[in-house]
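Given only the sequences and the hints, what does the whole structure look like? Please build it.
Read off the chains here:
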Amino acid sequence: GAVVSQHPSWVICKSGTSVKIECRSLDFQATTMFWYRQFPKQSLMLMATSNEGSKATYEQGVEKDKFLINHASLTLSTLTVTSAHPEDSSFYICSAGREVRTDTQYFGPGTRLTVL
Amino acid sequence: GQNIDQPTEMTATEGAIVQINCTYQTSGFNGLFWYQQHAGEAPTFLSYNVLDGLEEKGRFSSFLSRSKGYSYLLLKELQMKDSASYLCAVSKGQAGTALIFGKGTTLSVSS
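Protein sequence lines, in the order shown, are assigned to chains A and B.
All residue numbers for the first sequence refer to the numbering used here, where the first residue is 1 and numbers rise by one.
All residue numbers for the second sequence refer to the numbering used here, where the first residue is 1 and numbers rise by one.
To be clear, the hints were calculated from the coordinates, so they are not data collected in a lab.
It cannot be assumed that every hint is accurate.
[Stated by the list, open to error] Calculated lysine-lysine pairs in the BS3-like style (CA-CA distance at most 30 angstroms, straight line):
| id | chain 1 | residue 1 | chain 2 | residue 2 |
| --- | --- | --- | --- | --- |
| 1 | B | 92 | A | 41 |
| 2 | B | 103 | A | 55 |
| 3 | B | 92 | A | 64 |
| 4 | A | 66 | B | 103 |
| 5 | B | 92 | A | 66 |
| 6 | A | 41 | B | 57 |
| 7 | A | 41 | B | 76 |
| 8 | A | 55 | B | 92 |
| 9 | A | 20 | B | 103 |
| 10 | B | 81 | A | 41 |
| 11 | A | 41 | B | 103 |
These numbers were taken from a predicted model, which means no experiment stands behind them.
Structure follows, in structure tokens:
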């Protein structure tokens, strides 16, 4: 199957700092990537849709100035959590689709963010 | 609005068969997915149904009825490693559209 990587796999930071998470499609090009957030024992909640070469589309309730998304190339999207606070602590997962016909998405391994 | 419902928890024993149901109500439909997620890991793709009927893939099968807004994931010959959360997700649009996930069903397999 398709391979999607994320870096870092986990990060601990102090409140008020910014954290950048990278999502890469390793063996295919992805025009669109998705960023999800998952709190403990909860399902995945879509945060935003990252489009290569254009602005990301954010879901209702997600602050675009706090969660900066940059889709610089067909294989890389980054999510920057600015001025992180403890309530931002979560599991952040990206996904990318490669098939044209279906929406099968392949997920990265996730990034565990802990804000102290 | 959109709504995807699945049971919160299920338990079963090794070697048994378990069926995880999912009902959905969405404003559009372009297929239903099942993902498996182990604790602390990202979801892995299990199956995709866009037409009515049963899709079989080894020990796992998935069924879809579009008229009823209903799907199930069938797991046969359960193994301990099948203990995980199973996520039902619906695609509303064309390729490139994000998925809408249910809350997941935590399956516990005991010996």
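Verify the proposed pairing of residue 20 of chain A with residue 103 of chain B, using a straight-line Cα cut of 30 angstroms.
Since the Cα atoms of residue 20 of chain A and residue 103 of chain B sit roughly 27 angstroms apart, the hinted pair holds (cutoff 30 angstroms).
Regarding the pair residue 41 of chain A and residue 103 of chain B, is the alpha-carbon distance no greater than 30 angstroms?
holds (9 angstroms)
Hinted pair residue 103 of chain B and residue 55 of chain A, Cα distance within 30 angstroms
Holds, at roughly 29 angstroms.
For residue 41 of chain A and residue 76 of chain B, compute the direct alpha-carbon distance and say whether it is at most 30 angstroms.
holds (25 angstroms)
Is residue 92 of chain B within 30 angstroms of residue 64 of chain A, Cα to Cα?
Holds. Residue 92 of chain B to residue 64 of chain A sits at ~23 angstroms (cutoff 30 angstroms).
Given the hint that residue 41 of chain A pairs with residue 57 of chain B, does the C-alpha gap stay at or below 30 angstroms?
This hinted pair holds, its Cα atoms lying about 28 angstroms apart.
Please work out if residue 55 of chain A and residue 92 of chain B have their alpha carbons no farther apart than 30 angstroms.
holds (21 angstroms)
Do the alpha carbons of residue 81 of chain B and residue 41 of chain A lie within 30 angstroms of each other, as the hint requires?
Judged against 30 angstroms, a Cα distance of about 19 angstroms means the pair holds.
Holds or violated: residue 92 of chain B with residue 66 of chain A, Cα cutoff 30 angstroms?
holds (27 angstroms)
Keeping to a limit of 30 angstroms between CA atoms, is the pair of residue 92 of chain B and residue 41 of chain A held or broken?
holds (25 angstroms)
Take the C-alpha atoms of residue 66 of chain A and residue 103 of chain B, compute the straight-line distance between them, and say whether it is at most 30 angstroms.
holds (25 angstroms)
Hint violations for this structure: none, all hints satisfied.
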